[in-house]
Amino acid sequence: MPDGMTHVLRAAHDTQNTIAVSLQMMATEHHADAEIAHVAADLLHWTRETIAQLAELAARQGIPLDRAADEPGLFQQMRASMASKAKGPVAALLLLENLRRLYLTASDASLALELLAQFAQAQRHTEMLELSTQRHPHTLRVMKWANTMIKTIAPQVLTNA
Amino acid sequence: MSSSRIVDLWGDRTPYSAGQEWPARVDEHLIAEPDTWVPSASLLHSNGDAMDIGVRDGRIVGVRGRAADRVNHGRLDVKDLYGWQANHAADRLHRPLIRRDGELVETDWDTAMEAVAGTCRHVLDMSGPSGVGFYTTGQLFAEEYYTLTTIARAGIGTNHLDGNTRLCTATAAEALKETFGCDGQPASYTDVDHAEVIGLFGHNVAETQSVLWMRMLDRLAGPTPPQLVVVDPRRTQVAEHATVHLAPRPGTNLALLNALLRELVAHDWVNHAWVDAHTVGYDELVKVLDPCTPQWAAGICDLDAADIERAAEIFGKAERLLATVLQGVYQSHQATATAVQINNLVLLRGSLGKPGCGVLQMNGQPTAQNTRECGANGDLPGFRNWQNDDHVEQLAEIWNVELERIPHFAPPTPALQIFRYAEQGSINFLWISGTNPAVSLPELSRIRSILASDNVFVVVQDIFRTETAEFADVVLPAATWAEKTGVFTNADRTVHLSDKAIDPPGEAKPDLDIFLDFAARMRFTDKHGAPLITWADAESAFKAWQRCSAGRPCDYSGLSYKLLRERGGIQWPCNDSAPEGTERLYSDATFWATASECETYGRDLVTGASVDKIEYEALNPHGRALLKGAEYLPLHDPPDEDFPLFLTTGRTIYHFHTRTKTARAPELDAAAPEVWVELSASDAATLQITEGEPVLVRTPRGSVRGLARITQVRTGTIFVPFHYGYWDTKHPDGSSPYRAANEMTPTDWDPVSKQPLFKLSRARVEKVNDDA
Numbered sequence: 000m001p002d003g004m005t006h007v008l009r010a011a012h013d014t015q016n017t018i019a020v021s022l023q024m025m026a027t028e029h030h031a032d033a034e035i036a037h038v039a040a041d042l043l044h045w046t047r048e049t050i051a052q053l054a055e056l057a058a059r060q061g062i063p064l065d066r067a068a069d070e071p072g073l074f075q076q077m078r079a080s081m082a083s084k085a086k087g088p089v090a091a092l093l094l095l096e097n098l099r100r101l102y103l104t105a106s107d108a109s110l111a112l113e114l115l116a117q118f119a120q121a122q123r124h125t126e127m128l129e130l131s132t133q134r135h136p137h138t139l140r141v142m143k144w145a146n147t148m149i150k151t152i153a154p155q156v157l158t159n160a
Numbered sequence: 000m001s002s003s004r005i006v007d008l009w010g011d012r013t014p015y016s017a018g019q020e021w022p023a024r025v026d027e028h029l030i031a032e033p034d035t036w037v038p039s040a041s042l043l044h045s046n047g048d049a050m051d052i053g054v055r056d057g058r059i060v061g062v063r064g065r066a067a068d069r070v071n072h073g074r075l076d077v078k079d080l081y082g083w084q085a086n087h088a089a090d091r092l093h094r095p096l097i098r099r100d101g102e103l104v105e106t107d108w109d110t111a112m113e114a115v116a117g118t119c120r121h122v123l124d125m126s127g128p129s130g131v132g133f134y135t136t137g138q139l140f141a142e143e144y145y146t147l148t149t150i151a152r153a154g155i156g157t158n159h160l161d162g163n164t165r166l167c168t169a170t171a172a173e174a175l176k177e178t179f180g181c182d183g184q185p186a187s188y189t190d191v192d193h194a195e196v197i198g199l200f201g202h203n204v205a206e207t208q209s210v211l212w213m214r215m216l217d218r219l220a221g222p223t224p225p226q227l228v229v230v231d232p233r234r235t236q237v238a239e240h241a242t243v244h245l246a247p248r249p250g251t252n253l254a255l256l257n258a259l260l261r262e263l264v265a266h267d268w269v270n271h272a273w274v275d276a277h278t279v280g281y282d283e284l285v286k287v288l289d290p291c292t293p294q295w296a297a298g299i300c301d302l303d304a305a306d307i308e309r310a311a312e313i314f315g316k317a318e319r320l321l322a323t324v325l326q327g328v329y330q331s332h333q334a335t336a337t338a339v340q341i342n343n344l345v346l347l348r349g350s351l352g353k354p355g356c357g358v359l360q361m362n363g364q365p366t367a368q369n370t371r372e373c374g375a376n377g378d379l380p381g382f383r384n385w386q387n388d389d390h391v392e393q394l395a396e397i398w399n400v401e402l403e404r405i406p407h408f409a410p411p412t413p414a415l416q417i418f419r420y421a422e423q424g425s426i427n428f429l430w431i432s433g434t435n436p437a438v439s440l441p442e443l444s445r446i447r448s449i450l451a452s453d454n455v456f457v458v459v460q461d462i463f464r465t466e467t468a469e470f471a472d473v474v475l476p477a478a479t480w481a482e483k484t485g486v487f488t489n490a491d492r493t494v495h496l497s498d499k500a501i502d503p504p505g506e507a508k509p510d511l512d513i514f515l516d517f518a519a520r521m522r523f524t525d526k527h528g529a530p531l532i533t534w535a536d537a538e539s540a541f542k543a544w545q546r547c548s549a550g551r552p553c554d555y556s557g558l559s560y561k562l563l564r565e566r567g568g569i570q571w572p573c574n575d576s577a578p579e580g581t582e583r584l585y586s587d588a589t590f591w592a593t594a595s596e597c598e599t600y601g602r603d604l605v606t607g608a609s610v611d612k613i614e615y616e617a618l619n620p621h622g623r624a625l626l627k628g629a630e631y632l633p634l635h636d637p638p639d640e641d642f643p644l645f646l647t648t649g650r651t652i653y654h655f656h657t658r659t660k661t662a663r664a665p666e667l668d669a670a671a672p673e674v675w676v677e678l679s680a681s682d683a684a685t686l687q688i689t690e691g692e693p694v695l696v697r698t699p700r701g702s703v704r705g706l707a708r709i710t711q712v713r714t715g716t717i718f719v720p721f722h723y724g725y726w727d728t729k730h731p732d733g734s735s736p737y738r739a740a741n742e743m744t745p746t747d748w749d750p751v752s753k754q755p756l757f758k759l760s761r762a763r764v765e766k767v768n769d770d771a
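From first to last, the protein sequence lines stand for chains A and B. Reminder that position 54 of the first sequence reads as 53 in numbering that gives the first Met the number 0, one-by-one numbering, no gaps. Reminder that position 623 of the second sequence reads as 622 in numbering that gives the first Met the number 0, one-by-one numbering, no gaps.
Since the hints were derived computationally from the structure, they do not count as laboratory data. Computed from a predicted structure; not experimentally measured. Please note that a few of the clues may not be correct.
Cut-off 20 Å, straight-line C-alpha distance, at most; resulting in silico cross-link-like pairs (DMTMM-like, lysine to aspartate or glutamate) [said to hold, decoys possible]:
1. A:K84 / B:E422
2. A:K150 / B:E403
3. A:K86 / B:E422
4. A:K150 / B:D388
5. B:K286 / A:E126
6. A:K150 / B:D611
7. B:K286 / A:E48
8. B:K286 / B:E630
9. A:K150 / B:E614
10. B:K499 / B:E538
11. B:K766 / B:E690
12. B:K286 / A:E129
13. A:K86 / B:D453
14. B:K286 / B:D301
15. B:K353 / B:E318
16. B:K499 / B:D34
17. B:K526 / B:D388
18. B:K499 / B:D536
Where chain B lies over chain A, by a calculated footprint (3+ residues, C-beta under 8 Å) [what the hints assert, rightly or not]:
19. 50–61
20. 88–97
21. 141–151
Glycine is no exception: its CB is placed at the ideal position from the N, C-alpha and C atoms.
Just chain A, same shape as in the assembly:
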């Protein structure tokens, strides 16, 4: 059984990495939807910062976590690049589905940062609390963006599916 510290740090780190991989795949898969591709790249910038900062804090606690964000694996890259060739209603539906998954991934990551904050408060671990407080808005931003894009495109995509 891992201790509480290891558990919350790993959960936060894992979920941020899932966001990072999703964003990279979306930027590839939806390059024809310029706004999706570009904002995904912007959000990736902050997600990478969060991952690095989590890893640095974990290292100081003697918990080894990767500083660099995960990259999509070979299979995932192939899938994104094949999916990017989809046209018309299929491409639009794939985008809607990816945004839905991104929202869920980001809410998972948001919960993980909340666990981190609660643990930090119980342990009076100021540094960990600060990290969680500072990075949480960036994860919420991913959720809000995914939610906005879903609301914006869903009527068109689903009407023409």
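With chain A fixed as given, assemble chain B onto it according to the hints.
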């Protein structure tokens, strides 16, 4: 007035001092003595200069600036002096065209309009309202936009209506909404008469609004000249007059603005009493600004930190500070976030709503303001909030339709997304009025393939057979300025009436009549089965729009055609409480920013994610101005080894948009007949390019061939004007060189305002070897 104005672009100086009235100077160009003079204003830029059109024997024979008008005091831009000749061009569209066996052939109005209405009905049957899209302009009149909006929102019930104003003024509107809760230009051109400091951000006013520049030049020549702080990567005429000229690396405007604001905070050049009383968000803003030192920004922007400090000190110590903004901000990276920081600059100084104080988020087109107000620019009419059911209910009452008829389940669709839906096949009917996307949108090869697709029925309504018309299934010949009546509003809220002076050529019709014909054929009705459109001509359309605008910031209820004919330009809001119009908004620091009044609850300035009503109410319970900060982000697609330069695009004073009118005026055409490429002396030396030699500019998307001009543009940055297309040259087929700058621009836009980033492409310049 001789053709010397082609050379002497801003004419003679009439110097004046701070607080004095700008002296009149009447500009005119006539080729014969007119029988009558007909009042109008300029349709070839956004300044709204009032003029009278000289008519003799049913033809325009010239124009004269109106001395008594508040906007221009008699002066005219060089385009206005000569551009009217396009009305009489031999190649105006005289009859409708319809595509038969792949060719556009002449037809009658009934056949053309039945094809339009019949196809629209068919698409509605097959896919519903979401299959229908409208892409309009910033050059029709208010009555026409309001009619089109009523048709699209309440007749068809589609979310897909936007203007080419998305390319020129969307960021201005969005930045004003984010800061003040609602669109509406805070300041007035008369603030130039009083300002002690004018900050011009990406605003080459000398060419884009040359009459406003004449006003600034006259202040500069007077006894109490204002200081100018100019942000522009080119050493423009405006920059030549600057106390401080900052030429940042393209794409870094936000880093520069954040550093300027941080200096204001660090030196306590903040008007705390005003900020505390009238704004929210100060502490959050200061947190975002904290890391943005002048040294940090100097590295990112490739500027001298001392120059940033000097500019900040000028802003920080100014009592009467006027800031102006245009495409250098709006069409660049993090556009809305940057424009909002310029609003923050005047808010931190408390420089608002008083003579010489404020911000002018400019427009690029003569009637763009009306596109915004009337809801043809991706907003609901009267600056109403699509997320606020009470606002939508007001429209439902005005139009007498059920609430559900008006789409408000998602934000209105921006232009490039309309084209994306067409590309994906979910929009099958696209009606383009008064704009030329085959030259003006980014990444033209993609736009051409969408317009050429068999899945989209394309209607083009224009005055010439444009590059876009070549892709149309039906072409509708329109009347233009001087050939129809209506009002339009400039960038400082001045409303002018433009009266009909001459008949349109052939069978061409006013855009209003075309829309009304369509509405009649579609039999749009209200909820009681009566016709949805209750007006039949320009003046009754204006009255319908007045009713829709009443009680909103852009209130036209106190205006009338009669009053506008008598008085000339009047600034909205004009109503019972302000019968003379309103020179400055927010003079009492009261904003349209409570949750029940505001046009938007706001967006995240980085991602564009929507803020909801509850969040907004918590953030801004008393409806104050909002200080919103944003972090600088690196560019999406920076220069690299293959494409080491920045390409930026823009205007020249001699042309408007895709030259459909200005190139048909011989004087203007001769002044700038061909596309050119500006580069710095140092880049020219490295590439061994000499002045006037043909060069090829290449980006990952396309290329353009033009003549080299060695100018004082930033080293590492090149400039290509965007006006040139193909109607007066061979269409690009591989054998002739491309000349539209948008062959090269990327499909990328600001996620908040959805305005394309025309100012940012990575590029290279190659020598052309004609012998090869």
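Status of each hint after checking the structure:
Of the supplied pair hints, the one linking A:K84 and B:E422 holds, its CA atoms being roughly 14 Å apart against a limit of 20 Å. Annotation: proposed proximity of A:K150 to B:E403 holds, straight-line Cα distance about 17 Å (limit 20 Å). Between the alpha carbons of A:K86 and B:E422 the distance comes to roughly 9 Å, so the proposed pair stays at or under 20 Å and holds. In summary, the hint linking A:K150 to B:D388 is supported, as the alpha carbons are separated by about 17 Å, within the 20 Å threshold.
About 19 Å separates the Cα atoms of B:K286 and A:E126, which keeps this hinted pair within 20 Å; it holds. With a CA separation close to 12 Å, the supplied pair A:K150 and B:D611 stays within the 20 Å bound. Taking the CA atoms of B:K286 and A:E48, the gap is near 18 Å; set against the 20 Å cutoff, the hint holds. Taking the CA atoms of B:K286 and B:E630, the gap is about 10 Å. The hint holds against a cut of 20 Å.
Restraint check for A:K150 and B:E614: the C-alpha separation of about 17 Å stays at or below 20 Å, so the hint holds. Proposed proximity of B:K499 and B:E538 is supported: the alpha carbons are some 12 Å apart, at most 20 Å. Distance hint between B:K766 and B:E690 is fulfilled; the C-alpha atoms sit about 12 Å from each other, no more than 20 Å. A distance of roughly 15 Å separates the Cα atoms of B:K286 and A:E129; the hinted pair therefore holds under the 20 Å criterion.
The straight-line distance between the Cα atoms of A:K86 and B:D453 is roughly 15 Å, inside the 20 Å bound, and the hint therefore holds. A hinted pair counts as satisfied when its Cα atoms are at most 20 Å apart, and B:K286 with B:D301 does not qualify at roughly 24 Å. Of the pairs offered as hints, the one joining B:K353 and B:E318 holds, with about 10 Å between alpha carbons and a cut-off of 20 Å not exceeded. Among the hinted pairs, B:K499 with B:D34 is consistent with the structure: their alpha-carbon atoms are about 15 Å apart, no more than 20 Å.
For the hint pairing B:K526 with B:D388, the CA-to-CA distance comes to about 18 Å; that is within 20 Å, so the pair holds. Between B:K499 and B:D536, the direct Cα distance comes to roughly 13 Å. Compliance with the 20 Å bound is thereby established for this hinted pair. Check result for the region 50–61 of chain A against chain B: violated, 0 residues qualifying (beta carbon to beta carbon below 8 Å, three or more required). Counting residues of the region 88–97 of chain A whose C-beta lies closer than 8 Å to any C-beta of chain B gives 3; at least three are required, and the coverage claim holds.
Counting residues of the region 141–151 of chain A whose C-beta lies closer than 8 Å to any C-beta of chain B gives 6; at least three are required, and the coverage claim holds.
When held up to the earlier numbered hints, the structure conflicts with 14 and 19 and fits the remainder.
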